[in-house]
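Protein chains in written order, with my numbering: chain H, 78 to 381; chain A, 78 to 381; chain L, 78 to 381; chain Y, 78 to 381.
Note that these hints are calculated values from the structure, not bench results.
A few of these clues could be false.
As the list claims (entries may be wrong) - Result set (DSS-like, lysine-lysine): computed pairs, CA atoms no more than 30 Å apart in a straight line:
1. H/K237 x L/K209
2. H/K359 x Y/K230
3. Y/K346 x L/K371
4. L/K209 x H/K209
5. L/K371 x H/K236
6. L/K237 x H/K236
7. L/K371 x H/K256
Here the structure is a predicted model, which means the values were calculated and not measured.
Protein chains: 4
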Amino acid sequence: MLNYQEIIETIASDLKGVKDKGTVASYIPELSKIDPNKFGIHLVDAHMNRFSAGDAEELFSIQSISKVLSLAKCFALVGDSIWQRINVEPSGDPFNHLALLEFENGIPRNPLINAGAIVVADILVSNLENPKAQFLDFIRQITNDDSIAFNEKVADSEKKTGYHNIAAANLLKSYGNLKNDVDEVLDFYFHQCAIEMNCRQLANAFYLFMNHGKCQSGKTHLNINQVKRINALMLTCGFYDEAGDFAFEVGLPGKSGVGGGIAAVLPDKFAVVTWSPGLNRKGNSKLGMQALEKLTTKTSQSIF
Amino acid sequence: MLNYQEIIETIASDLKGVKDKGTVASYIPELSKIDPNKFGIHLVDAHMNRFSAGDAEELFSIQSISKVLSLAKCFALVGDSIWQRINVEPSGDPFNHLALLEFENGIPRNPLINAGAIVVADILVSNLENPKAQFLDFIRQITNDDSIAFNEKVADSEKKTGYHNIAAANLLKSYGNLKNDVDEVLDFYFHQCAIEMNCRQLANAFYLFMNHGKCQSGKTHLNINQVKRINALMLTCGFYDEAGDFAFEVGLPGKSGVGGGIAAVLPDKFAVVTWSPGLNRKGNSKLGMQALEKLTTKTSQSIF
Amino acid sequence: MLNYQEIIETIASDLKGVKDKGTVASYIPELSKIDPNKFGIHLVDAHMNRFSAGDAEELFSIQSISKVLSLAKCFALVGDSIWQRINVEPSGDPFNHLALLEFENGIPRNPLINAGAIVVADILVSNLENPKAQFLDFIRQITNDDSIAFNEKVADSEKKTGYHNIAAANLLKSYGNLKNDVDEVLDFYFHQCAIEMNCRQLANAFYLFMNHGKCQSGKTHLNINQVKRINALMLTCGFYDEAGDFAFEVGLPGKSGVGGGIAAVLPDKFAVVTWSPGLNRKGNSKLGMQALEKLTTKTSQSIF
Amino acid sequence: MLNYQEIIETIASDLKGVKDKGTVASYIPELSKIDPNKFGIHLVDAHMNRFSAGDAEELFSIQSISKVLSLAKCFALVGDSIWQRINVEPSGDPFNHLALLEFENGIPRNPLINAGAIVVADILVSNLENPKAQFLDFIRQITNDDSIAFNEKVADSEKKTGYHNIAAANLLKSYGNLKNDVDEVLDFYFHQCAIEMNCRQLANAFYLFMNHGKCQSGKTHLNINQVKRINALMLTCGFYDEAGDFAFEVGLPGKSGVGGGIAAVLPDKFAVVTWSPGLNRKGNSKLGMQALEKLTTKTSQSIF
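Whole structure, please, built from the sequences with the hints as guidance.
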């Protein structure tokens, strides 16, 4: 039987020596202050055995990883009607390109790029009475952890500098693919990105994606078909224009965020989260990707 | 335990009634003559139990499905040096676009689009004494079936009308990413596409991709890491600009060809091949995609 | 000697019979109410002889034609430093594409597409104490006509529905190519587009572009090199992705607006303005383009 | 009255001191051997007065400048039917991009990019008994100079390395926009590019474009409308993705070639040709562009 604890400790110790840890994201001022030497990893297996190494208890900004969680909430709420407003193909392009949106007449290429996640946010704003609170409740519920919260300073920092997202939302509006007020939708979106969690909490949240839709407390949030689709989207679209490379090197459905986190799952086996704030040139956590490549290589486990 | 035979028979009978079976490819004259009502499916499980329905014994032109087999042969021959000349990202574009090739200075986006497969062909021509014969031998070996052969009429038909591929090869040459003579490489490429197999033979060939690199006669052709990578490429790039949709609906690594075939695998579980000559607007077998979606939905099995 | 009066009357009467007059712009609600049968033309020659036909005295919204006037004011104010923030190449693309802006890192392709004109507006806002009033003054001065004014209803209508321009301005801001507050710049931009003039007034305004920078009252606003450059930009970029066609058919530097106006000049010879609210599929006045093609063909006059 | 001789001598002497003369084209081996210090200029005015400076009598490869001459021959032969197979818009893109051709389904953006000129060549091959000889005759006739000839070594050099043009021709063929055999059309095309002329001969050839279609011996080759259109195409499309810049800085219709030549005209006034083999990064003669900018600035003459 695999000794996950030993494996992730070896990985953590191997990566300590890596000199080029990537570059901490600077475009959100609040995020630029993080220590680039932080590294955490947490793996929870199907039987809820837990394995940790490094800074796995330290909170970080989940940023784009939140897109998978908002998609899950949205899919559970409204079902397949989402796909009338968002496509499901990989973008093959950096994460913030509006070009695709124009070429495709306001239909985002997939729900894990910014434009797609803004449409998901719009659907949630349309369907929830109190969108921010109810979305946070959802995350607290699937993690069974009421301590999880927004970092208002980060949300505020994004609002003040998020011109690219404001551009995307207005472009969606110009195509009729944003139903609510631009500011209201972006307020929700900037908050979802500004949720803080640690590796353990995030691995708990992603447990449902490796467990056919059931969270750790046994409640079913998504059916098996919906989980298949969300995992497929993570695999084909979860790493911007490096999605192919992640599938190729790691072989797990996953999602990265510019806060340095990566969450990934091996269905029926485990959910795993890494955190290392330095990003590679494509905007994904440099050491996080290496850690997960080592994990699937050392364990000979992947979806392939 | 799952009754695959019953399931695929139900699928075959359900699909018989579908009126819009798509459009048979017309750009290769030899292929345009096929009866659009043909439908075959063959599944071989990990224990080499076999399940068939419909026209599973009828030969068809494997076309682009051959790209997975030439990639396998090439990867086994030269290892990771392939990736200096070909990228591993989904194209998000129709299968014959040269635009990407220009934007990316002659490095094909992945080995499963035409330009990438032509570079793979170039590497094989460089590394094999008798490329066509040796590639055919490889296929005969992994299927344990010496009856498999090129259809020379189809190869000839492609050579006479394959202006787009001639353009791609010359463009690669202009970027220095084609080492051999254009005509020689294309002669190999047109032949690999013109191999004829039936659903059973092709499922036998793909057995090694679900069996960690070992073919049915027990010989190891690829290591576990190489198989992970080829399966990842099938999942992210196997269906042109419909790759996301196939992952999303079906959830299996697979590859389609304009001859109407689709080969797919569920690692450790099965290899499956469908054949239905009518294509959808994106160039993939219309009923084949539906059959595989039904298979993974009815069995609740997929890589996700 | 050419009898301009006879020629433009013939043109006006010939065009009266044309059945397909194009489609009145509907995306700005205030503009959608205009009668599509309106047609006016006014030509002023180098000696200030004037020739009119049709509805040449009726006010219309000059819209994008204002981009030439704001560029002139800006060029006169700050000189060649404009070209550090805006390029001078034709876009070969529809008038509202943000894609180019991304591909070119926030440097608009030229000052006559929306993104470029928004940067021009930003420069004016930076350099004028009272931007809207002073820009209007400039137009009143070069036309010697104090009756010219903004239509506040149109400006307001654009502000409420101008999501695409809001997107463009925020995208410019995200690249650091917009120095002032987005709302302030757009308020100026929506007002400059909402200026109302008739064919005669607009021909008076464009007189300076055919007269080497000197307006009708003899004041020099631009030097000969600046006028060469503005005329070159009109010729290569004045008609969105139909610029080549306008140069080819008409052979004059000119600029169109979605209000249905077109202003054009033949250096040393004349300035001419047409107005017909119906647009062709590329967003340019359908009959206006035909009228000007007839004018240069009948007179055998063009810059070529 | 302007003293053209003095002006061009000053220009030639001013440019002698410029250190960075650009880079001689290396992709056609035969052209890479040219001395980068060569500089010639020849201007012929409407009255056939001639003004020369520098190496104006030295032969060079006219390359893409030939596209204007083949277009003229083709337009004279078949009239407006050309425009069913070629568009008239600027490309806004480097001179060898196939991407546009794909996006626009095999219709080249204009006749002055390679793909467009290959379609022009195809039309000439279809309509001339002896295409190469008859095209050379046309050039000998409009220049009244029988010494003009192909450089077979250059033609051969291009044939052996012209993979990008072979790609373009095959792509056109795949869209049905090339009627003759690919090799036959390219043989013509490589020969037209390989014509050698000196500045004086080329200025003589372009005299007809400033003289409403009449060559120096008084024969009318094109009507006034056709000349307007060819000049418009030179202005909007004659310098690849630097066309806007040339219009903006120089203000004349013109065409460059990678051999280092530029031919330009001021209708009713003059035809001028410069030759300096060093190219800028956009593939246009570096000193040639500067010389023409100085010419129109010093003379205050341009079409604008």
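Consistency of the hints with the structure:
A hinted pair counts as satisfied when its Cα atoms are at most 30 Å apart, and H/K237 with L/K209 qualifies at roughly 27 Å. For the hint pairing H/K359 with Y/K230, the CA-to-CA distance comes to about 47 Å; that exceeds 30 Å, so the pair is violated. Distance restraint check for Y/K346 and L/K371: the Cα-Cα separation of roughly 25 Å lies within the 30 Å cut-off, and the hinted pair is therefore satisfied. Between L/K209 and H/K209, the direct Cα distance comes to roughly 40 Å. Violation of the 30 Å bound is thereby established for this hinted pair.
Annotation: proposed proximity of L/K371 to H/K236 is violated, straight-line Cα distance about 53 Å (limit 30 Å). Simply put, L/K237 and H/K236 have alpha-carbon atoms about 21 Å apart, close enough for the 30 Å limit, and the pair holds. Our distance criterion of 30 Å between C-alpha atoms is broken by L/K371 and H/K256, whose separation comes to about 46 Å.
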